[in-house]
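Same order as they appear, the protein sequences are chains A and B.
If you're matching positions, the first sequence starts at 1092 in the numbering used here and goes up one per residue.
If you're matching positions, the second sequence starts at 1092 in the numbering used here and goes up one per residue.
Calculated directly from the structure, the hints in this document are not laboratory data.
Think of the CB as a built atom: it goes at the ideal place given N, C-alpha and C, for glycine as much as any other residue.
Hints should not be assumed to be uniformly reliable.
[Claimed, not checked] A partial selection of chain A residues facing chain B, derived with a Cβ cut-off under 10 Å:
| no. | residue |
| --- | --- |
| 1 | Thr1127 |
| 2 | Ile1131 |
| 3 | Thr1135 |
| 4 | Arg1157 |
| 5 | Gly1168 |
| 6 | Phe1172 |
| 7 | Met1173 |
| 8 | His1263 |
| 9 | Ala1408 |
| 10 | Lys1415 |
| 11 | Glu1418 |
| 12 | Ile1423 |
Protein chains: 2
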Amino acid sequence: MHFKITKKDHSTYARLGILHTAHGIVHTPVFMPVATRAAIRALTIRDIEEIGFEIILSNTYHMYIRPGVELLAQAGGLHNFMNYHKPILTDSGGFQVFSLADLRKVYDEGVEFKSHIDGSKHFFSPQKVLDIQKVIGSDIMMVLDECVEYPATHHASQKAVQRTLQWAAISHDYWINNFDTDTQALFAIVQGSTYPDLRKVCVEELLHYDFSGYAIGGLSVGEPKAEYAQITALTVPLLPWDKPRYMMGVGSPLEILEAIKHGVDMFDCVMPTRIARNGTLFTSKGRINIKSGVYAQDFSPLDEECQCYVCRTFTKAYLRHIYKMNEIAALIYNTYHNLYFMKQFIQGIQKSIAEDRFLEEYKKWEEVYKTL
Amino acid sequence: MHFKITKKDHSTYARLGILHTAHGIVHTPVFMPVATRAAIRALTIRDIEEIGFEIILSNTYHMYIRPGVELLAQAGGLHNFMNYHKPILTDSGGFQVFSLADLRKVYDEGVEFKSHIDGSKHFFSPQKVLDIQKVIGSDIMMVLDECVEYPATHHASQKAVQRTLQWAAISHDYWINNFDTDTQALFAIVQGSTYPDLRKVCVEELLHYDFSGYAIGGLSVGEPKAEYAQITALTVPLLPWDKPRYMMGVGSPLEILEAIKHGVDMFDCVMPTRIARNGTLFTSKGRINIKSGVYAQDFSPLDEECQCYVCRTFTKAYLRHIYKMNEIAALIYNTYHNLYFMKQFIQGIQKSIAEDRFLEEYKKWEEVYKTL
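Chain A extracted, bound-state conformation:
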């Protein structure tokens, strides 16, 4: 993997970059749609290609549970299994495993957990999650980390940071010695909850190792907007300028803008697809819910400014009707539109950085989405 910054905005830390991976290039900033279980929820893989996404994310925990490592190995990895041949980033499974609060135990060597499907016992070590990601064939792998819930005490957060750092060291060593590091990149993860001192320590320690990129975990997990902005503002500048930065599990348009302002390059989130299935749609004028009676006789497109297949083809009245009727097509169209919106939203930001007017773009969206 190779990362090149091609442009920096003149008044913020926002930047454009090109990420070269084994399966092609990715223009940053980038939003990655999520194929949790080897499929984007409610969308075909050709829709994803048509919208123009350059990279998707999949979840190591879910891939490990089903279809399992053996089947993925037989299939020749996830790219072949899905028949998707652009870059794939996988998380480490850490976030999912730590979300299974009652079903897991943490040890120095790793984390023991029970499958959410059949209750069977499993163990993830830093090495094991890399082995799984090797079979998946991820272009970008993530290290195993310990995630704390929000809010967490300083003590609990500090312990999690220590564990995260130990595991990062083990991961880096294991990666260097067992992987083609050019083909499968490895990103470290910064933890530390909402504590500036812990975030700082975590970054400093991680910088002893030459990871391909650096992710920020444990944000946008319920903390106030101001804390998200504060931790982002203090953490990102500590990261190496020439490496890609990835804000995990983020997020809403304004969270993404805030992070890009400080120099973050990569994002993933299930929110745009999840809210789509609930009828909530992004537009250039803010969010709308297509279920609303105000659209019953509205024969205009979802978003007059959107050029997507759905906006070019259907009216709000039609989309509302099929949503109310529980038609699966409504989930398809809503999801298509929201992901297209995210792609256009990011492209607009890229353009604004290229033209040294990122702050203008930031303010435009802040105005539109201020109440959300």
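Once you have looked at the hints, place chain B on chain A.
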């Protein structure tokens, strides 16, 4: 509407035809996918266009209940509402209303029923269902008929035939005087359950009126295969040779073949899409269920002989995985494949008629689907 028979098979009554409608031409025999509630279940309208369907069916009862006549009128009809500009055939609502056994009462003037959604009372007369279909803008409308369940007594079936004939006379008169009969065609419906004498009487009486085409209702509703074949064989030859014949709600590959053999031109059925959502898929070698464990490690396509997007792109192992994971994409891919199969199945039949080898095609499929 204009119908032209272009070829007759040399050893059966199977025939090729071209149906000219206000929204374009339809090559018969034809299978019509069903957009019950203004959407094909689990598929986008561009998928339907890509597969190459020339006509779809929608349900008057469902359109009347939701979104309702007023909204359809505002939208400029169903073609505009769905943004689908090929021919649309609508049923009369009769079948749906008579399926609401506890919720309806039949009178000479029509049928009173309660909405399955909110229990509100409504009344369908022969004239009213045509008025609704006028608003829908159907290229081919159906008359209101009285459908009996299977099995039905001779007496009950006879009464239903009498009512169906009275309503057909009223419908024809109303159509002639209130419609542009070139733009909106009207088909009569033959009832009579499994009683040859009633089927015969019903056809004879209907032939007093010059309908655009003739449908056979009340078959494939649970009767034995032999009775389906017998009633089809005796009813179809009584219908005018130069008018399109439509077997309503049919059906399986073998039911369709049987009817085509006797000269039926048009079919609709939700079965291919419904079974797809249950994991059952048509192939050139018979039906398979993608849930089956035998496909867990099967990296071949669903159907080696199928050229559809799904068969060109994914393996059985992948399709099984996403189906088992309840991914909506599994419903999309399964539905796409089954409808593509139906299209190819019908095209194969068309080709066999053109080449005077329909019986060979019939026997080929009989062998493949004999146990089903």
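- Can glutamate 1418 of chain A be said to touch chain B, with a Cβ gap under 10 Å? The hint holds - glutamate 1418 of chain A has a Cβ within 10 Å of chain B, the shortest such distance being about 4 Å.
Evaluation of the interface hint that places glycine 1168 of chain A against chain B, nearest CB under 10 Å
For glycine 1168 of chain A, the interface hint is violated, since the closest Cβ of chain B sits about 12 Å away, which is over 10 Å.
Checklist line | Proposed interface contact between phenylalanine 1172 of chain A and chain B, which counts if any beta carbon pair is under 10 Å | finding: This interface hint holds because 6 Å falls under the 10 Å limit.
- request: For the hint on histidine 1263 of chain A, just tell me whether its beta-carbon gets within less than 10 Å of chain B.
  value: With Cβ-Cβ at 32 Å, over 10 Å, it is violated.
Could you check if threonine 1127 of chain A really has its C-beta closer than 10 Å to a C-beta on chain B? holds (9 Å)
message = Let's test the interface hint: is any C-beta of chain B closer than 10 Å to that of isoleucine 1131 of chain A?
response = Given a least distance of 7 Å, the restraint on isoleucine 1131 of chain A holds.
message = So, as I understand it, the hint says methionine 1173 of chain A touches chain B; can you test that by seeing if any CB pair is closer than 10 Å?
response = It holds, given that the least Cβ distance between methionine 1173 of chain A and chain B is near 7 Å, below 10 Å.
- Item | Interface hint status, isoleucine 1423 of chain A versus chain B (Cβ within 10 Å) | holds (6 Å)
* chain B contact restraint for alanine 1408 of chain A - C-beta distance below 10 Å -> Status holds, d = 7 Å.
(request) Let me know if the C-beta of threonine 1135 of chain A comes in closer than 10 Å to any C-beta of chain B, holds or violated. (result) OK, holds: threonine 1135 of chain A within 10 Å of chain B, min 6 Å.
**Request:** Could you check if arginine 1157 of chain A really has its C-beta closer than 10 Å to a C-beta on chain B?
**Result:** holds (6 Å)
Check your understanding: Should the interface hint for lysine 1415 of chain A be scored as holding, given a Cβ-Cβ cut-off of 10 Å against chain B?
Key -> holds (7 Å)
The structure shown violates the earlier hints numbered 5 and 8.
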